[in-house]
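*Asks:* With the hints as a guide, bring both chains together as one complex.
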Amino acid sequence: MKSEFQIPSSPVDLDYGYFSFSSKDEILEKSKIFWNPDKTEFWSNAGVPLVLDKRHEYFLYDVSGKRLIDVHLNGGTYNLGHRNAEVVQAVKAAMDHFDIGNHHFPSLARTALAEQLILSAPTGMTNVIYGSGGGEAIDISLKTARHATKRKKIVSVIKAYHGHTGLALPTGDSRYSRPFLCDDPKDFVQVPFNDLEAMDSALRNDDVAAVIMETIPATYGFPLPLPNYLQTVKQICERHGTLYIADEVQTGLMRTGELWGIQKHGFSPDMIVTAKGLSGGLYPISAVIANQKSSKWLSEDGFGHISTFGGSEIGCIAALATLDICSRSSTRIAVHHIADIIGTRLREIQDNNPDWLIGIRQNGLVIGLEFDHPEGAKYVMKHMYALGVWAIFSSLDPRVLQFKPGLLMTPSLVEELLDRTAMAIDRAKKEVFSVNQVKR
Amino acid sequence: MKLIEVKQQQLSVAKSILDLSKWASYRYESYGYQDVIAIVDALADRAFGLSEILATEEFLEINRGNERDKAARNKVFSRALSRTWQRLNLVDAKIESTTKMMVTPRPNGVVLCVVPENYSVAWIFANAISILLARCAIVFLVSPNIKDVATHAIRELVASAGAAGAPEGLILQLDVTGDAFEFASELVKNDFLQMASTAYAVSATVPCQTMNKQELTVPVVVDATANLEFAASEIVWSKSFDNSMMRDSESILLVEDKVYGDFLTEIANAGAHIMSDEECEKVREAIYRTGNLAASFLGLDAVSIAESIGVPVVKGTKILLAPLEGLFDDDPVVGGNDLPILGILKVENFKVAIRHARYLSQKKTTINSAVLYSRSTDHITEFASNVLARQIIINAGSCFGGINESEFQDFLLDDCFVQSSAKLHMTDLDPQQFVTWIKVLGDLQTFDVEPIRNKTGSKVGVTVPSYPREETIRPDSKLVSP
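Protein sequences appear in the order of chains A and B.
Just so we're aligned, residue 1 is where the first sequence starts under the working numbering, counting upward by one.
Just so we're aligned, residue 1 is where the second sequence starts under the working numbering, counting upward by one.
For reference, chain B alone in the conformation it holds in the complex (with noise of 0.2 angstroms):
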């Protein structure tokens, strides 16, 4: 299975290609689960055996980043990921534990990614193992400026599910000239298309994050129960990992005023630099002079941001904090998290706290992760209720949410779908997202339901057929004697 790319980005070449996958989703909807698990193994092996050096090319070509730090997410995004989603059959039948309803999944088909400049390698990952895992076809749409390194990525991911008997087409490749976001948006009005993916920073260089398309919030809260030393560390780590270029990185943080100045003692140490009045006002004023972040500081770390505005920091810095006076809808640096640079709030107690991150959560389009850092047992369960996170991350900083490259927890990328309806929700990843379940309702006593297996059953190694060239034609097909 070689890659196809396509260099023009009409419409209608679009939907030649897409009509190409729906043959691909087609033929790989009669897999069976081993089948399809073997092709995310081989596909996820080859990932992350080439995480580094996707992630030094995928660092040369847009030059944002560290190039460390997208190296180990390639690494969690490909084999961690999968090994964690396998573990979701989303091939066979069920029976639901709760509802005693047998269900059987039915793949949504053709899914259309608009791949990320900000974090590409690593979503292009975890958009293939998680859309294979439910056994339907991808179509990337690929803009130029991350063209080489996400074709590279791509290519190889065809060449390993190949390999592994998927269907020629399964995975394809559709370069754009222009805006992909805006390609993919005329896209999905077309009723050929069943489902689309695309995280929120689709262009880096044309300033996404001014088209403010999602705003993504994740407030931090510190209560006066954490291990502050260990608090600071995670959140510096997190929030300065790949420059922030992941969006998923933290927002704003809140820290119980018992313990607030021990924190910023804590979170200097740990490579924080605490801004005065003058020099936050200096981030304002360079960075979101038009109320909107400026693309040109996407993805350079702290202390580049640092001298490139006039603000002095010591080598090493890793993120830029910004003390708050209180949480102002128009002040940009409240909630914003694609620069390594962090808000920081002083709360009277864990109460506030909560009333303020539930308030971001109602001002803001979408909080899809909230953390709070605490050993309170009563703190985490009424922070766990009450904060309108779709994901709640304890002790751990944010951008990965505490896993590692052998363990992906089930946690939230931060993406969403569009469907052909063209209209927009936040979603995550979750292969689950790319399948329909079935109600099957009957008797239920007359299956032998352990284990039900889908019924176009397995079908190991199927492939295309070689063409049907003369040496392949059947032996026994009957020729007419003339």
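Next comes chain A alone, as it looks inside the complex (with noise of 0.2 angstroms):
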């Protein structure tokens, strides 16, 4: 074992210092051996053998040297690409001064980091809560409704997803919290997106905590709120006695061209909840924003929730400059300039493949590419990484393609990247179509 990290000079040399392997076949057997037989078998079936080696900006390269463009970017993290340049040099630096640090105490980085979300939120939020990543942040939220409200029901929407944690498990689909016996119909209440009805009716008995929702549902293919619905369900909490709760983990930080998704729809929540790209994808940190309302427990018992990394040091610096970058006046319009040009081509892609393509959602640079075959977006992806595009179907509605450029790209990466998806819907529509492989 070598005692310095080298990057290796060539995508056959898979000798990085502390670790090495021979060949990518090696990696890729060790890993269903040591790390997670299932899912390394399941990307290699699907056409996407991937194992990450270098990363920069919006490039992702596999240990074989084939290089993607990367529009899944970890649901956000990596917003504002990989490494970037901003991000790792505040990290550095911040590496020779600071630690985690420990939670107990006032800490500089933490109270510096909890002003600038404020400053950033929606009017009315006064606290800020860490955790270390969004399932745990998403705990702490529903703590925190539970504790201001003193009833333990929990609304959440048909489908939703908000991480795997203890809280968080119960509120999403059934698809990961049945096998663990973490589904809990009777406190963890689900209702169908986009249904007023449904949502007054859950509410009606005045006992539910909170209602907790994605502003956009991610991983439920980008479906959008119909206008009003977001606003009408904030006013049926109110009257219910009920906090809101907006998971901002994915459409947070300028992705939907305002820093916050939920701005967009004209009022402040009672929590707001983010993580993934807070961290500038260099150093895992989650934070609740919340109102006075809602988390009064700060005032009567800090000692209420203790996390050893939530609000690391370090993570606060990255999180600093990464609210800092999407925060700019130029990242706000370059997102809007991307948004519309993605727009403007993806419906062209649309009008020449009207009976494959059939649905574009897009909320700025929130994008699901809807295609008609109940797994439609599981051939687009392995045509898009085929063609060097990566980005991923919607785990709960594979017809769903999660289309997530970056904010910071530019405009010949954003006329490359079109010009291959483009390339890649028209070969999956044609395998789809003509092989007939899976029944349609």
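Incorrect hints may appear among the rest.
Each computed EDC-like pair below joins lysine to aspartate or glutamate, with the alpha-carbon atoms no more than 16 angstroms apart [as the list claims (entries may be wrong)]: (1) K152/A / D184/A; (2) K152/A / D207/A; (3) K439/B / D92/B; (4) K430/A / D372/A; (5) K430/A / E375/A; (6) K66/A / D53/A; (7) K15/B / D207/A; (8) K15/B / E416/A; (9) K15/B / E86/A.
Note that these hints are calculated values from the structure, not bench results.
*Replies:* Written out as structure tokens, the structure is:
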């Protein structure tokens, strides 16, 4: 074993200093043995035998050297690109002074980030509670809602996804909760998305602590909320003493063209949950931004929730740099340019494939492409991978491909992305329509 | 479209601004000729309308130069400039008349403009018009000494261009806290910048002239056939214009022996103070003590300079004239053009005058213009053929080359561009600098070439669409039934 970490000099050189492999096959084999056999095999079978090696800006490289344009971005973790230079610089500098810190004490970086998050949020937000990942932050928000309302029941939408931790898991689809015996329909009620009557009915008994919703449900394939849907849900919540938690893990941080997606809907939620992209893709951190009504426990018993890694100070620095970049007017306007160009081109692609690409769900750079096949997005994903683009299907609606371009993409990269995407959509269509391998 | 200001000068922040500019230029490339003209017209009209207000603000902020002259220059550099340059169509493909070759213009992308402190407003106007006509995007780099007026001017241009349909981010401003030229030099080392434009005098208070980045010399020949009264008055007007803050002004007079005496009389009548040898020494000692111009004198009028160095002059003196014995390289008065101080040399004849002008062109880094006062067609032709200036001005002051508020000739402006290779080269603000003409080969008989439209066609009023808010989401967007 070598003492220094070394970037391999060529795709076939898999000696990284602290570890080495003789071939990609060896990596995949050991991955199956020591890590996750099913997941490893799934991706190989799905035509995406990806083992990440180098990465920079919006490019990923397989260990074979194959280059991919990343429009999955780990759900927005890499909104600003992989290893964004500004964030890297901030984290490197932070490591000369800070470490994770001690969660018990007031901290320089946590306080600074909390202030910036409050300033960035819709009006009425007063406090920030930190976690280390999205699931933890969701758990914090649900615990916080239960403490504030003294109620236990949580309402979410069918096909929701809020993470895999203790309280987050039962808010989501049973595909993830049932295998671990975590589904709990008594305390975790699910209602159809965009159905106000169902929401009203679920809250009617004044026994619901919180409604939690992604502003645009990602894993469900980005179905867009109907006009006034979210506002009305908030009004229903207020009528029944229920708190509204906006899960902005994927829609936050300028992805919709506003810093927080909920800002487009003209109201302030009781809590905002942010994670993924907040880290700049470099150091894990998540946060709940809460208003005074919902965060009373912070004044009554500040030790009520403890997280050793929650709000680690290095993570706070990464988040401060990320928030700074995301908040710039230049970033916001660039997002609008990118969204407009991509939307226009996608509609052209749709016009050429009206029987295949049957829906484009777009809000800024939150984009879902709906195909006329129960697993259409898996086919498109495979062909996109072959053509050098990495985009993932929506696991709870595999008809829909999640298409999440980066906030800082350049015009030439967007053009290249769209050219490759058009070709992949066409190839997938031909495969599905002509070969008819899968029953349509 | 609102002005974006960036307070920091880190390269990374600048890069994000330039990235946005790339998007704006990308969008702007698809605009048709009429759309481009509409934007430039709107911008030039707004600039013209604000010429006087901005001149006042500029004068108050830098406290140098002449407010009235600044206003006049602002007017020239707005509407008149726009009208002249609009004759160029830098959008549509064309057949070159000489080669019969089809060429189509390709915008060069984003241009970084380092705003000079000596004539910031006019320079902002000229750059904006030139660069937008070429369908490029602009990032103005503004230093603190001129921040208020520059920001005001740029904000107005942004508003007018935006209202006329310019894409968001087409005109941006980047504030720097230190030397803008040095920051620009750092920026151009990076491959994310296509082109940069900068005047020489980047900083008036950080003694820019001592930086000696480029020297600019404008020799002026007055031959024996010239209308001496007119020549004297024109030279004094041009040299004293805005106290010589625009570096295109006259550097040295070369006057034929036959008319030298009469010319001195005329130029004295026009407002020049002819200095004695002793007074010339005072100038050299006080102003050029280090071999370079002391920045504290920049922008002062002739009377103020004279008083500060102990040279008695009458009220109303417009320039100080320094009779020279020869063109000595180590004499700072030879070739300087940043103050209303002008060297004058008596030459035996016209041939010698031309030889001296050529000598200056070889010795000095650049000669932007050379001026001849003459009524002889032969002299004009000979002068134009032999003096290595980039433009020859006949019987007109060099600071404007005979232009006025309504008519702008093809006049070279004092600027240089720094390309991304960081290699400096001298050129001018002609909008054609910002496009690359792409040759189109093939059998042109198959084309309907009159008129040939740009392949992207015309997009009237294309702007960044309203943000994709809930109410603007396509009504036919398909929602999933849960």
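*Asks:* For every hint, state whether the structure bears it out.
*Replies:* So, going through the hints one by one against the coordinates:
no.	hint	in the structure
1	K152/A / D184/A	holds, 12 angstroms
2	K152/A / D207/A	holds, 7 angstroms
3	K439/B / D92/B	holds, 13 angstroms
4	K430/A / D372/A	holds, 13 angstroms
5	K430/A / E375/A	holds, 14 angstroms
6	K66/A / D53/A	holds, 10 angstroms
7	K15/B / D207/A	violated, 52 angstroms
8	K15/B / E416/A	violated, 21 angstroms
9	K15/B / E86/A	holds, 10 angstroms
Comparing the model with each numbered hint stated earlier shows that hints 7 and 8 do not hold.
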